[in-house]
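Colleague: Residue strings, one per chain:
Number of protein chains: 2
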Amino acid sequence: MYENNEIFRIKNNLVISLKMNEIKIFSPATVANVACGFDVLGFCLDNVGDEMVIRKTDKKEINITKIEGFHVPFEIQKNVAGVSALAMYDVIKPDYGFEIEIYKNIKPGSGIGSSAASAAGSVFGMNELLGRPFNKTELTQFAIKGEALANDCEVADNVAAALFGGFTLVKSVTPLEVLQIPSPQQLYATIIHPQIEIKTSEARAILPKDIKLKDAITQWANFGSLIHSLHTNNYELLRKSLHDVIIEPYRSKLIPHYNELKKEAINAGALGSGISGSGPSVFSLSKGIENANAVRDAIKKVYSKTGIAFDIHVSRINKEGVKVIYSH
Amino acid sequence: MYENNEIFRIKNNLVISLKMNEIKIFSPATVANVACGFDVLGFCLDNVGDEMVIRKTDKKEINITKIEGFHVPFEIQKNVAGVSALAMYDVIKPDYGFEIEIYKNIKPGSGIGSSAASAAGSVFGMNELLGRPFNKTELTQFAIKGEALANDCEVADNVAAALFGGFTLVKSVTPLEVLQIPSPQQLYATIIHPQIEIKTSEARAILPKDIKLKDAITQWANFGSLIHSLHTNNYELLRKSLHDVIIEPYRSKLIPHYNELKKEAINAGALGSGISGSGPSVFSLSKGIENANAVRDAIKKVYSKTGIAFDIHVSRINKEGVKVIYSH
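For the record, the sequence lines run as chains A and B. Residue numbering for the first sequence follows my numbering, beginning at 1 and increasing consecutively. Residue numbering for the second sequence follows my numbering, beginning at 1001 and increasing consecutively.
Keep in mind the hints are simulated off the structure, nothing from the lab. Backbone N, C-alpha and C fix where the C-beta goes; we use that ideal spot for every residue, glycine too. Honestly, I wouldn't trust all of these hints.
[Claimed, not checked] One side of the interface only, derived from the structure: several residues of chain B facing chain A at Cβ under 7 angstroms:
| id | residue |
| --- | --- |
| 1 | 1039 |
| 2 | 1057 |
| 3 | 1096 |
| 4 | 1097 |
| 5 | 1212 |
| 6 | 1213 |
| 7 | 1216 |
| 8 | 1221 |
| 9 | 1223 |
| 10 | 1228 |
Pulled out of the complex, with its shape left as it was, chain A reads as follows (with noise of 0.2 angstroms):
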């Protein structure tokens, strides 16, 4: 069943795992719906996310010790990584315990991916530290558990792409199946969080239960154009797929000055712009750094004038999802 070195691999990770007793990730945030691809596609950021140290502990339980940056429970069961932690805890169930320090650098409700940063975190180093028994699509069913303390039902986009970097399209749920979608090297985002609160479940009443036939296909004609614009390195294709008929022209309304926003983006050479999540975030792409920085400084004037508070990040495209800082 395995090839030798793939026994080699398996067992020196275990050796290794089983002398490692201390882990530091980095846990990236992340870019859900991507324009056509609403529910169902994300990207991965590169110097956006989270910290966490995982260390491993003689009490076989689950703990948080230290919470830094921003608030979120201690209480395991209330928090996003507590609760993805004890799912796959609760399925390896080995003589030992964990407890767990979180260095929120991504603000909750921000919409690029911050409770899936926490959910991702823990299962991804948890796992490591016991020698690597699951792979990256169980690891995101654990992690969809802790999504779903934060977005009352299971979604994937954001952890599946914090798990597995680049760009991720979850075909289904239920069973579980996730596409690595290739990402073109020259891929840059520039993301704007405005500092303003829209709730989950407003993003989600605003929605229409129904939609028009012609509209889902020129949807899917978009997505479609805009995965084989992936897979081709066809950034001419990706702007002209970067579209979103559906839901943009619902939520963008909960964003103030978005349609701005997106247009001195585009002005500024941006590929496209769109809603990161449920907002209030708002990503756009570009090919190069340099148009990725010029996108930043064209809506950070946008937003200068309207006195909202904001932060700004430029970020390639993460291929790798979490990284390890250290582990001994």
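Take the given structure of chain A and dock chain B to it, following the hints.
Modeller: For chain B alone, coordinates are given in the frame of chain A:
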């Protein structure tokens, strides 16, 4: 603007075309919609299609001089091959004319692109005789004019598949954008054409104007996955993606024994089945010719019991589109 060998190629084509007076072509049948790709995806068959002879004449006009096989009108303005030919002729205005012979093997109204084969064939053949002034996208634009006669509206999914070959995604009709999607090498189609009539108007009227957002999401998840599966030669994913939750529940009612047909095809090894165009033909896709033949035998068995006459074809995917049989 052109490389030297490109100039040579163009000159060479012109010289050949100036000497060329007659061409015989094979214009293939095509499958549009392809389950989750409603209105945008098509693929091209290899051994089912019309033949056409196109000949230069001294008179500056286009005439259809011979029609064999199934009956279609001789009058240029009422014949799809004539209408598309005229659309091209009016642009290029050569100092000679063309006569067209049509050997019609694809029954009009069968749902495998009978009108598209005619519309594509005449413009392809004329383009060869003219020295290839037009590219395939331009040919598709002319062919759409012919299709419009048969469909009352401009659709491109069948004509694009006939002219480009392989799998084609019509991203948009205005402006026309056709994407060529790779075809896995071992993919074969089995097509059954029940000899019943489905009026295009009825197949169109039966469709809902509005659909559920959640069904649309399922459809574009499947469609994106289908495009990914074609890029990655992933037959298993192709199998999981070939589902249509929007159109099939309505149109399948127009095709007698549709559900049994589909069930038996899949039991016999098909990756998936669906309605070809607006029916009544039903396509199945299989990995390898043995499976495609087993599917043929299984659906033959189903339909033999019904008393409805039918044709069955097994074909590999035609990656080339319209083909030249001879020219001189």
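Colleague: Does each hint fit the structure? Answer for all of them.
Modeller: Taking the hints in turn, this is what the structure says about them:
Here the hint on residue 1039 of chain B is kept, as its CB sits about 5 angstroms from the closest CB of chain A, short of 7 angstroms. Because the beta carbon of residue 1057 of chain B sits about 41 angstroms from the nearest beta carbon in chain A, more than 7 angstroms, this interface hint is broken. Residue-level restraint check for residue 1096 of chain B is violated (minimum Cβ-Cβ distance to chain A is 38 angstroms; threshold 7 angstroms). Restraint check, residue 1097 of chain B versus chain A: the minimum CB separation of about 38 angstroms is more than 7 angstroms; hint violated.
This hint holds: residue 1212 of chain B has a C-beta 6 angstroms from the nearest C-beta of chain A, less than the 7 angstroms allowed. A distance limit of 7 angstroms between C-beta atoms decides the matter here; for residue 1213 of chain B the minimum to chain A is near 5 angstroms, and the interface restraint holds. With a cut of 7 angstroms, the hint placing residue 1216 of chain B at the interface with chain A holds, because the nearest CB-to-CB distance is about 4 angstroms. For residue 1221 of chain B, the suggested interface contact is upheld, since its CB lies about 5 angstroms from the closest CB of chain A, less than 7 angstroms.
The restraint placing residue 1223 of chain B at the interface with chain A holds, with a minimum CB-CB distance near 5 angstroms, inside the 7 angstroms limit. The criterion of a C-beta within 7 angstroms of any C-beta in chain A is met by residue 1228 of chain B, whose closest approach is roughly 5 angstroms, and the hint holds.
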